[in-house]
Amino acid sequence: MSRTSILDWSIQPPYLHTPYVATVRRAPHHPLIPLASSLAERTGPVYGEGDLGPLDHDLTRNAAKNGEPVGERIIVHGQVLDESGRPVPRTLIEIWQANAAGRYIHKNDQHEAPLDPNFVGAGRVLTNERGEYTFITIRPGAYPWKNHPNAWRPAHIHFSLIGQNFTQRLVTQMYFPGDPLLQYDPIYNGIPNIKAKERLIACFDLEHTRPEWALGYRFDIVLAGRDQTYFEGGR
Amino acid sequence: MKLQSPSQTVGPFFHYGLLPGDAHILADESTWGEPIWIRGRVLDGDGEPVEDALLEIWQADAQGYFAHPADPHHLRADPNFRGFGRSGTAGAGFAFRTIKPGVIPQMAVPFINVRVFARGMLVHAVTRLYFSDHDNAADPVFAAIAPARQKTLLALRTEAPGGVVYRWDVRLQGPDETVFFDLHG
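So the protein lines, in turn, are chains C and P.
All the letters of the first sequence, read from the start, carry residue numbers 1 to 235 under my numbering.
All the letters of the second sequence, read from the start, carry residue numbers 1 to 185 under my numbering.
Just chain C, same shape as in the assembly (with noise of 0.2 Å):
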């Protein structure tokens, strides 16, 4: 069990994975060189409530200018841990997506698909004591992308964790349950591990549905790390 990279490579994506064709010229060539983390790696940035808008965990809201997003209502909440299985506490989630119709705000978004006005798709949220947090969105639609003929990104959700420090950084995706696009999508795909792959497909979570109103979707993280102690018992 001796690992030394605190990313694990048996299960994190390659730099080049062909199928995805954008990650042929952008791939680095040369074998990563190992660097023993010092206190530069050992701390990183902290947030906390002050950072935060009261809406910014309610995409359905932060962003309403006249009525509410157009799409299926959508709780997703879940716990974020270490490796170890220690909740991770006050760490900065950050999630954007596409609205119901698959069509980002983004200016180079060219999906010929409706913009919604009372939709940004963008939201934050400081995990609690338990490393749990909760965010209330629209469920996203999929989108056609170039990557090859007819190509298809399933619906997701995209996530960023500051973690505790430098080395628990992660961008990654939330996928959904049962989506029959993921097994011809290569991001997805460019998890070199089943049951890492299923790691990023959320759960329906029928508790955390909220009657009358939204679905519920329970999506847990682990970040990299084993060893992390630094807030341990408040500061």
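Because the hints were derived from the structure by calculation, they are not lab data.
It should be emphasised that the depicted structure is a prediction, and the values quoted were computed from it without experimental measurement.
Note that CB positions come from ideal geometry on N, CA and C, so glycine has one too.
Check before you lean on any hint, since a few could be wrong.
In silico contact screen, one side only, chain P against chain C (beta carbon under 8 Å); selected entries [as the list claims (entries may be wrong)]:
hint	residue
1	P12
2	N80
3	G83
Restricting the straight-line Cα-Cα distance to at most 20 Å, the calculated cross-link-like pairs of lysine to aspartate or glutamate (DMTMM-like) are [as the list claims (entries may be wrong)]:
hint	chain 1	residue 1	chain 2	residue 2
4	C	K107	P	E51
5	P	K2	C	E83
6	P	K2	P	D22
7	C	K107	P	D22
Given chain C, work out where chain P should sit, using these hints.
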């Protein structure tokens, strides 16, 4: 042991999620230290600018202290400096307004930790920026890198009308591919 969650690409549409406000401005007049700009481009294997990359930097304050509880000096760190910034690369490339970090106690030279995210990168890349006006051979990480590749980590100090600018390009591939690190525990 839990299986760590795998990384996925940041994709091309991260701006609304990850670049709110002035994420590239780390310092203002109240921040201690020498104000600097860091400017450069991310280049792909054809030498073409990558316009949809995202850089993150993490650095010490002007005294070499981090605003994080793992640093024994964190209570004396500059209260007006978090030390973290982000910049996209659309148009002219990335730009950070920050201060030159101090030397971390027991280390030899200042440096900045850098992460690169982009569409086409399923997992981010980690590198370091060192400053051209220091004797970086005194730093064991820098000194251990093959001499021909050391220059890929060197930001070049220039004096411009708006102040000091360190110029530094990140090359994802090619003959001058930037040195990228694998963080070890």
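Structure-based check of all given hints:
Nearest Cβ of chain C to the Cβ of P12 (chain P): about 6 Å, under the 8 Å cut. The hint holds. Taken as an interface hint, N80 (chain P) does not check out: its beta carbon lies about 14 Å from the nearest beta carbon of chain C, beyond 8 Å. A cut of 8 Å between beta carbons decides the hint on G83 (chain P): the least distance to chain C is about 7 Å, and the hint holds. A hinted pair counts as satisfied when its Cα atoms are at most 20 Å apart, and K107 (chain C) with E51 (chain P) qualifies at roughly 13 Å.
Only pairs whose Cα atoms come within 20 Å are accepted, and K2 (chain P) paired with E83 (chain C) is accepted, the gap being roughly 5 Å. Taking the CA atoms of K2 (chain P) and D22 (chain P), the gap is near 36 Å; set against the 20 Å cutoff, the hint is violated. For the suggested pair K107 (chain C) and D22 (chain P), the alpha carbons sit about 19 Å apart, so the restraint of at most 20 Å is met.
Consistency note: the structure conflicts with the earlier hints numbered 2, 6.
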